[in-house]
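K.L.:
So you can see what is in the structure, the chains are spelled out below.
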Amino acid sequence: MLQANNISYQIGSKSILRNCTIKLKPRTFTAIVGPNGAGKSTLLKAITNEVKLRNGSITVNGHSSSALDSKALSRIRAVMPQHTSINFPFSIEQIIEIGRFPHHTSPVENVEIIEKVIEKTRLQSYKGRTYQTLSGGEKQRVQLARIMAQVWDKSPHPKYLLLDEPTSDLDILHQHALLGTARELMSDNLGVLAVLHDLNLAAQYADYLVFMKNGEIVKQGETREVFTKENIETTFNHPVQMLEDPTTGQTIVVSIPNHMHLEPQKEIRYA
Amino acid sequence: MNSSITISKLKSQKLTAGFLTTAMALFLLALFLFSLTIGAVELSVSEISSILLDRLGFTNQNFTAVQSVVLMDIRLPRLIFTILIGTALGVSGAALQGIFRNPLVEPGIIGVSSGAALGAFVVILGLTSFIGEIPDSLKVWLLPPFAFLGGVLATFMTLRLGNYQGKVRVTILILAGVAISTLANAIIGLGIYYADDQQLRTFTFWTLGDLSAGTWQKIGIITIPIIASTLILTRMAKSLNAIALGESEAFHSGVNVEKVKRTIVFLSALCVGVAVSFSGIIGFVGLVIPHIIRMAFSSDHRIVIPLSALGGAALLILADLFARTVVAPSELPIGVVTAALGTPFFIYLLTVAKRKNLI
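Going down the list, the protein sequences come from chains A and B.
Note that the numbering used here has the first sequence beginning at 1, numbered continuously upward.
Note that the numbering used here has the second sequence beginning at 272, numbered continuously upward.
Only chain B is shown next, with the shape it has when bound in the complex (with noise of 0.2 Å):
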């Protein structure tokens, strides 16, 4: 055995991850800069920092004051929302598919989804109708907790219906999920049978997901949850190898199957379930992007968790981009925009996948 051999593959093990990743945080950085020069004011990079050293004290005004409302009360949000909503969405697409051992999971299976579209559902329609119309001002704090709440029942439900005898059965589980999203549409479709034209404008476009709502304030309602949700979900890295074997394989590897399994089910409901409250239901981003990354590097979850967080962050700042700046001045809907676009990409993997034998 030549150690030195040895010593040079493990750094370069090592280094992959740590490269992947920074280079993947660079590109999101220069994303990140990117995106906030485009739209219908001007803005340079040099304006944009001269802004943010403006707000730090070092006055240099070399901007304008539109700018400077642009800069701080529009885009800046906006993308922050959208890298925190894509990041979310990421990572916890990666660990469910990680979990369920199934590469054709995402967070809508376990329920979140149509639990917090139900809970959306109750406080636009079921409300404005028992109590009468509910302000605007009300709406936006009544509808991320009962949206939240929604998520995280559906996905209880979920859970218990999937348990047996104290395990929790991987296809039990997705067929609960399924039915619990049947139940909870159905119970939307009923409303919508009898909803006035208001009500279903306001809950179709919630449905359809919508970045422009992000605000300092939502900002920091949501930060935390997601941020330590994504945290905790990269240290389950190994558990997850480890589970990709199978569930008795993980067990005699000295791994904790079922804390693990309700770890990652509940911070996968938590960030999922925050992040929609706010922007509504984008889909694909949870599905595609843990593909993209193990198709292009590793299927190694301390890769893949880390990566698609970034990754998620990434695709959904581009999906953002197109929305916005394809009809300007006007914009389309982000789930529409991540749907067009991710379904004939994901049945473009597919095909390489299926020739690969990847899947």
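Next comes chain A alone, as it looks inside the complex (with noise of 0.2 Å):
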């Protein structure tokens, strides 16, 4: 389990974090959602020890975060972060190839590894290319390839893949094919935690939501509980409509547009 201990934190006397605690466990999906500047990002590099904490802890599996090196931590996790921008030219095999770096397996493992997420990532057509000449969108998937590689061993222990927005320049296709390629690596070793910003998107994949206002965490718990027109208009402060899919029966949200503003008592009838 990799879990977050009501943790505090706080630039300069500006308060970030209050207070958040959360659980990730293997064969979860759990994403976190809020308005901008509600510190969803921030809880992602608290929860990797990118930030020092104010007060309250983390733990990786039982051991105190602290009390791991960064190798020993990053067999544990991988993190995808929301933009990466290099200034040399590297071929994408090249920056997957970073993933391994943390394990002692073989050359040639290693390119069977490489070779393996390219698939999966549907990249076999960009290889060779170099990644500045990528699309943001593009080099979005390249490092979804690249953490890949990172959690791809089979181990003992429980591994955790963190993303900070990982869909924010993908079209509706590469969406679906990202968030499902991450559900799909999940096992009874791996876990996912997502910073998510549509909210369909989050209900559909997410397991287990946690949504954030003000740097605090309001609302946690699993998806079909707590996905509720109450939570989401008190965490964005904006009026829903809550719908069901008729194919697939799953419940979405629908926001409501300033101009055409209704009674909130007012029930909306759609066609």
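Rather than coming from a laboratory, the hints here were simulated on the basis of the structure.
All values derive from a computational prediction rather than experimental measurement.
You may find that some hints are simply not true.
[Claimed, not checked] Here are the simulated lysine to aspartate or glutamate pairs, EDC-like style, with alpha carbons at most 16 Å apart:
1. A:K25 / A:D188
2. B:K530 / A:D69
3. A:K45 / A:D188
4. A:K154 / A:E109
5. A:K71 / B:E529
[Unchecked claim] So the derived list for chain A, only partly shown, Cβ under 8 Å to chain B, looks like this:
6. T48
7. A67
8. S70
9. K71
10. S74
11. I76
12. A78
13. V79
14. P81
15. N87
16. F88
17. Q94
18. G99
19. Y126
[Said to hold, decoys possible] Computed Cβ-Cβ distance ranges for the label pairs, DEER-style:
20. A:E109 / B:R626: 48 to 58 Å
21. B:T614 / A:I172: 44 to 54 Å
22. A:R18 / B:V441: 28 to 38 Å
23. A:M242 / B:E529: 20 to 30 Å
Here a beta-carbon is modelled for each residue, glycine too, at the ideal position from N, C-alpha and C.
Each of the two chains sits in its own frame; use the hints to bring them together as a complex.
P.N.:
Laid out in structure tokens, this is it:
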């Protein structure tokens, strides 16, 4: 289990995170949602030891994360950043290979793993391409391939994939491809945490939802229990409607444009 | 998955790095031998090998005493000295560009060059003004440690300024380097204002760079720090590849970023400080060589670092060859040659790279 216990973080006197507690379990897809500036990405950075906490602690599979060095941590969790820019021309294979650096596998095995993750992320036609010449969405897929290579090995302990807005630059085809791949990777030894902007995507893929607002976790729980009109409206300060998708039977959320603002009590009728 | 394809692909990858390094080493060797034959006194490759064999105890006299002296006391030490300096500048340039994730960085950026210049300046001007004229034989001993100390001191001040909450911030570090360099140059400028003609001349020549100063004794002093730093820097290539993605990405890939950063900055300061203390300031090698390697072959630091070390040596041999033949029997200052030849080439590289979207 990857666990943040009652963590707080502040810059100067400005409080960014307040008393956040969150548990990541293997075979669970957790999504963090919330308005801009709620502290979603900061929470992810705090969980991955990128910022110095004011108080609280992070435990990784039962160990305090401060007791583990970067190498040990990188064998347990892989992090996909929001944007990665590179000033030197690297090929996509060279980028993906970096995911294999923490491991002591043979070079032959590494090349095989790189081939497999390229296939999984459907990047075959991009082999040999320079990373800098790719579009934002293509770059995100290469980064996913890299962190997949990092958690590829079978291991006795659980591992975690942490994704910071992984679908921000992707079209709908690739949004589903990426999140689908992340779900496929889940196993009894692998859990996923993603910061997501799109509430419907979050509800479709996550088993567990975390609502954040003003640096605090306002609500968290099983998706089917917490994905409600009330939770969404209090978190985002904006009126929404919950509908049922006739094909999948899933609950979806529709936000209401300001110029069509309806009376709060009034039901909306859809044709 | 066809594993035979995988293995052949892997072999070809490994082969590329090994092949390129070997090819560059052979090129450097050829250049070295060729350069030994060039000069006022005629020396053929067979005469060179005879002299070397003679020194090793195999007597076969088919050379003159003058040739022997020219080779052993002038050309050979100068060339080995040149190779060491070129290696130091090339490898530290490549490593610093890697750690700062910035292709515009060169050893001067962290303050090494200016600090070393200030150290040399203290010897050439400061000490002579306060203590009186220092004999050249003593100056030779004082210059290197002062220049090295100045370089390391400036680097550590830069590092300290660039340090925030236990982390080195690259932008602040580069700005701190600019500030420290400016301060060092201001002190030098102030000194120059009060310097007499002789002091000015000596110092100006030091800042222009000089490879003719290479002696066996100096080679003995700089070999170990330069070769050791080069070997350690070569071993950091993988970490540098990860750091190219960004510092947090490298951290999450298992790299101890702070340790790598400190090690590289220290080794580069050591390398360049030691080199510059004897040769004077030689610009552009550290900036241009890693670019040429990256554009010609690959950005993979497992190729860039070793090839920049060898390439730096090769480039400096070529520049020195040019410097000592073009106006023979006199010679041009090496720093002027590298800057004069390096700048147009660098501008050419920039325009090409811009078009190919490589920078």
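K.L.:
Now tell me, hint by hint, if it's right for this structure.
P.N.:
Against the structure, the hints:
1. A:K25 / A:D188: With a Cα-Cα distance of about 9 Å, the restraint between K25 of chain A and D188 of chain A holds, given a limit of 16 Å.
2. B:K530 / A:D69: holds, 12 Å
3. A:K45 / A:D188: Answer violated: K45 of chain A to D188 of chain A is near 24 Å, above 16 Å.
4. A:K154 / A:E109: With Cα atoms ~13 Å apart, K154 of chain A and E109 of chain A stay inside 16 Å; holds.
5. A:K71 / B:E529: holds, 13 Å
6. T48: Status holds, d = 7 Å.
7. A67: violated, 15 Å
8. S70: Holds, because the Cβ-Cβ distance from S70 of chain A to chain B comes to roughly 5 Å (cut-off 8 Å).
9. K71: holds, 4 Å
10. S74: Status holds, d = 3 Å.
11. I76: violated, 10 Å
12. A78: holds, 7 Å
13. V79: holds, 4 Å
14. P81: Check passed: Cβ of P81 of chain A comes within 6 Å of chain B, closer than 8 Å.
15. N87: Since the shortest Cβ distance to chain B is 5 Å, the answer is holds.
16. F88: holds, 4 Å
17. Q94: holds, 6 Å
18. G99: holds, 7 Å
19. Y126: violated, 16 Å
20. A:E109 / B:R626: 48 to 58 Å: violated, 39 Å
21. B:T614 / A:I172: 44 to 54 Å: This hint holds: roughly 50 Å between Cβ atoms.
22. A:R18 / B:V441: 28 to 38 Å: With Cβ atoms ~31 Å apart, the hint holds.
23. A:M242 / B:E529: 20 to 30 Å: violated, 48 Å
Violated hints, in rising order: 3, 7, 11, 19, 20, 23; the structure is consistent with all others.
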